[in-house]
Amino acid sequence: MMNTREHLIYMAGQIFRNFASRGEEAAVSATAEHLVLYWDPHMKAQALDILDDPEIDLPEPVRAVFGKLRVAA
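For the sequence shown, our numbering assigns the number 1 to the initial residue and increments by one for each residue that follows.
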């Protein structure tokens, strides 16, 4: 069973994959926009905590999405 952090990373990756046909940069932007619109503030705060945790090995697209989320916050 996934913990909350793993689940958020997994969900962000799924959303990214849904937009992947647009190309990586556009998919990252679209995914970040999706998170801004549809994730509750607590989920977004957890995503930023994940981004700041050096112990977590994030897939690069998810790292980019969470980075854009920080800029949008």
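Keep in mind that the hints were calculated from the coordinates and are not lab data.
As the structure is a prediction and not an experimental result, all values here were calculated from the model.
Just so you know, even glycine gets a beta-carbon here, dropped at the ideal spot from N, CA and C.
Mixed in with the good hints there might be a few duds.
[Stated by the list, open to error] FRET-style restraints, in silico, Cβ to Cβ:
| # | residue 1 | residue 2 | range |
| --- | --- | --- | --- |
| 1 | M1 | V71 | 27 to 37 Å |
| 2 | M2 | D40 | 17 to 27 Å |
| 3 | V71 | R22 | 28 to 38 Å |
| 4 | E55 | S21 | 15 to 25 Å |
| 5 | V36 | R5 | 14 to 24 Å |
Structure-based check of each hint:
1. Taking 27 to 37 Å as the suggested C-beta distance range, the pair M1 and V71 conforms, at roughly 32 Å.
2. Our hint of 17 to 27 Å for M2 and D40 holds, since their Cβ atoms are close to 18 Å apart.
3. Between V71 and R22, the C-beta spacing of about 19 Å breaks the proposed range 28 to 38 Å.
4. The beta-carbon spacing between E55 and S21, approximately 32 Å, falls outside the hinted interval of 15 to 25 Å.
5. Checked against the given bound of 14 to 24 Å, the beta carbons of V36 and R5, roughly 19 Å apart, stay inside it.
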